[in-house]
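Chains as they are written, first to last, in my numbering: chain X, 1 to 347; chain Z, 1 to 159; chain R, 1 to 365.
Hint data in this document are derived by calculation from the structure and do not stem from the laboratory. Hints should not be assumed to be uniformly reliable.
Straight line, CA to CA, 20 Å or less: simulated SDA-like cross-link-like pairs of lysine to any residue [unchecked claim]:
1. X/Lys-267 with Z/Ser-61
2. X/Lys-257 with R/Met-63
3. X/Lys-267 with R/Asp-304
Partial selection, computed: residues in chain X whose CB lies under 10 Å from chain Z [as the list claims (entries may be wrong)]:
4. Arg-6
5. Glu-228
6. Asp-253
7. Trp-256
8. Glu-268
9. Arg-316
10. Leu-344
None of the values given here were measured: they were computed from a predicted structure. We put the beta carbon where it would ideally sit given N, CA and C, even for glycine.
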Amino acid sequence: MTVATRVVDVDVHVGPGSIQPLLEYMEPYWADYVANAELFLSPTMNGLYPPAAFVPGGEEGTITSVPTTPEELREGLGDDRVAVLNCIVPFDTSHNPYYEAALCSGVNDWLRAHFLERDERLRGSLALPTLDPDAAVQEIERLGSHPGFVQVLLPIRTEVPYGNKRWHRVHDAAAQHGLVLGLHAWGRVANAPTASGFTHSYLEDYASNSQIVAQAHVTSLVSEGVFERTPDLKVALLECGFAWLPFLLWRFDKDWKGVWREVPWVKERPSAYVLRSFRFSTAPAQLPADPAVLARIPDLMPVTELLMYASDHPHRHGAGVDALLDLLDQDGREAVLSGNAASLYGL
Amino acid sequence: MKVVVSRLEDFPPGERKIIKAGPRSIGVFHVDDEFFAIRNRCPHQGGPLCLGRLSPWAVSSQPGKVSMEGPPRLVACPWHGWEYDLETGQSFMGPGETRVKAYEVSVASGGSLGDDVHHGQEQPIPIPAAARAAGREPGPYVAETFPVYVEDDYVIVEV
Amino acid sequence: MADVQVTERELSRAERTIRLVDGDVHSTLMPASLHARLPRRWQRHLEQLGPRVAGAYAMFPRMRNGGFRIDARPEKGFPGSDLGLVQAQLLDEYDMDYAVLTPMQPQNFGGEAPELAAELCRATNDWTREEWVEQDARLLGSICPPHEHPDLAVKEIERIAGTERFVQVLLPATLEQGLGNRRYWPMLRAATEAGLPIALHTGGNEMHRGAGWPSYYLEMHVWNGNTMAMQLLSMICSGVFEEIPDLQVVSIECGIAWAASLSWAMDDAWRTFGEVETTRLRRPPSEYLREHFWFTTQPIEEPDEPEHLAFAFDALGMTDRILFSTDYPHWDFDAPGQTLPRSLSKEVKQKILAGNATRLYGLPR
């Protein structure tokens with residue numbers, strides 16, 4: 001960054017070192033379930049974040065692990081920025097809806113006690129289960145009014161796109177509680193990422209987040225009329241990139257003109273809903289390396305309105321968003337670095 | 001210039017006729033008890049607009065609930081399916097932007113045109129009640145329309 | 001005026017400058033025609049037990065005239081089934097030099113049981129040759145192999161390759177696995193050795209995983225570009241272009257602009273993670289994209305600012321590999337002369353309208 005300014009960091013990862021701290025907050029049955037199945041929290045999150053996807057640690061050969069306490073977090077971030085914490089350990093691949101719901105509740109209780117109530121500059125995302133929308137609503141009603149939670153957290157790799165009508169009750173509950181719908185990369189990775197099945201390389205799997213899976217949710221939320229029935233709902237796409245957005249919207253707007261009768265509840269053109277109701281975190285940026293091409297990105301999309309700075313600590317991505325920020329004026333930079341997030345999350 | 005389309009009795013409700021008026025191809029439609037005429041050329045890529053399907057507005061109060069409102073007065077271009085209102089030529093695909101094609105409305109009132117008529121006056125684009133109910137904003141494409149009226153027993157279009 | 005036109009048509013193909021090539025025209029094989037070409041045992045099988053592969057149009061109904069141009073219905077049969085109407089409405093109407101035929105039925109045929117798939121594809125390819133390519137010198141055929149059975153696909157490719165004016169091997173964009181999978185490579189190799197590109201047309205096995213199944217055709221249609229992005233990535237990351245360096249791939253009816261952001265993302269990922277062992281990528285992925293892929297234009301993107309599309313083409317750096325197409329007789333047909341943004345230079349327009357296809361398909365033929 002060329003100008004020192006306070007940031008709001010909208011995607012920072014924390015997590016317990018093992019499943020044990022979570023069990024404290026869960027029914028005793030789950031401790032027995034976990035012990036019998038010998039379940040543990042995968043350090044690579046079932047392959048989502050292998051060692052190569054972490055920033056290097058202090059010592060050679062080590063990686064920076066996911067912070068388990070506010071002290072570790074502050075040491076890792078190096079400052080006292082306002083941060084929105086995402087604990088994605090419930091991004092699980094099993095199909096037991098009760099376990100998933102219990103795990104999410106455990107994570108949320110742990111996050112509140114260990115982070116949100118110990119550092120007032122931290123906010124959190126309320127992890128929601130994917131297999132049972134009723135359980136998701138219950139969790140929002142249980143903890144959604146806690147001032148530390150500003151967002152609900154769901155994975156983009158999932159069973160059904162989030163515009164689907166079975167999710168409408170969740171949108172309503174989130175909007176009622178003033179919570180942003182936070183859709184985060186990765187998720188239920190036993191579901192293949194592409195229409196042709198599984199990929200064989202990490203690179204394809206990684207790219208699938210931004211190139212296909214996140215975009216399916218944008219299309220779904222608009223096509224299913226979510227923003228007509230719940231106009232107050234806001235959506236944050238986290239760790240999903242953003243440079244693909246203009247091209248998606250060109251296609252989406254044009255296709256809607258021809259087949260609007262399939263979705264007559266979509267009254268405005270799709271891009272209008274997206275620009276109004278979606279925000280995007282900046283890591284990964286996945287921007288063009290050619291400066292001449294990069295310079296045109298602000299023409300194609302209103303970056304100063306849409307983007308929210310994220311470090312995605314402690315995960316590693318490519319060249320970040322700095323080169324794009326350098327193209328903006330001071331007001332634009334501040335909007336991306338803190339203003340848009342402050343506005344979205346009511347900070 | 002007045003162009004005779006057909007005898008009224010040969011043009012029952014629900015039918016359409018495509019006629020040539022000079023270099024122009026024009027589609028004339030009999031919808032319920034009204035006649036409309038629209039240029040048979042879509043402003044988008046020049047497709048044969050007047051061959052397209054006619055539909056009423058589909059109005060939705062919430063996802064999954066849709067009512068069909070008004071007469072079938074929207075024609076969908078056979079290429080790309082973009083729809084135009086037969087009366088005004090207006091499409092409803094986005095906020096009003098620069099029009100692709102100029103909108104001409106000539107009010108045909110027989111011999112009642114007096115000396116103090118203002119030529120070239122822009123008429124506001126009426127938004128049909130059903131379009132308003134469907135929550136749609138006009139724009140950006142407008143198809144060229146022509147007034148049609150019944151004189152004696154003939155259907156006549158003025159181009 | 002009429003005399004001049006007749007004279008022009010009498011000029012031999014080689015003497016006439018090629019001005020317009022359509023990269024995507026759907027000839028439609030009617031069930032009765034197919035039935036007549038099958039041996040009795042397969043006729044009986046289909047009568048008794050039917051096909052196994054679900055139809056795409058039932059999964060996501062095309063909410064616009066069932067997916068076709070209203071004005072392209074012949075008196076008898078489906079749009080695209082009548083050569084005369086195709087000639088009148090497309091080839092003659094736009095004075096086309098060439099049109100590439102891309103029948104859609106083999107997208108399903110290729111997924112049937114091996115022998116049945118092979119029979120259905122054999123029948124289709126013979127029909128293409130006899131009733132289309134041999135009937136009009138402007139028509140270019142695609143070989144449709146039984147794609148889920150690469151050993152049989154190789155046989156069919158070898159059977160047809162070398163037939164006059166068959167210019168590519170046509171596959172669906174979505175197969176049961178990504179084309180980066182080695183099991184498909186004999187098919188890709190056979191095409192390449194015959195001097196033919198492969199073409200991937202949107203459609204095929206609609207297995208919507210990742211985010212789950214969308215509800216609407218609108219979503220599915222928007223998704224076409226994303227699906228092709230992952231297919232391209234599968235091929236690029238698999239090392240198939242290191243293995244078969246002359247392989248060329250045409251992306252049909254999936255859009256183009258998304259390939260710009262794909263190239264940025266995959267280069268960024270490759271620079272970050274390296275990943276040589278499972279990808280064999282020795283150069284940035286976008287280099288393989290620019291050296292091995294081609295794109296047809298329809299359905300062309302239409303940003304509010306038409307110049308933005310020209311920018312996207314430039315940013316992608318592939319204006320030498322974009323091929324004009326109409327997608328006749330589908331509902332979102334793009335008309336020649338009406339489709340390309342005005343801000344493109346005359347030189348680039350001519351490449352897109354004919355020059356690039358001329359190079360790819362070795363025209364005139």
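For each hint, the structure was consulted:
| no. | hint | result |
| --- | --- | --- |
| 1 | X/Lys-267 with Z/Ser-61 | holds, 10 Å |
| 2 | X/Lys-257 with R/Met-63 | holds, 11 Å |
| 3 | X/Lys-267 with R/Asp-304 | holds, 18 Å |
| 4 | Arg-6 | violated, 36 Å |
| 5 | Glu-228 | holds, 7 Å |
| 6 | Asp-253 | holds, 8 Å |
| 7 | Trp-256 | holds, 8 Å |
| 8 | Glu-268 | holds, 7 Å |
| 9 | Arg-316 | violated, 40 Å |
| 10 | Leu-344 | violated, 24 Å |
Violation of the numbered hints given earlier is confined to hints 4, 9 and 10; the remaining hints are satisfied by the structure.
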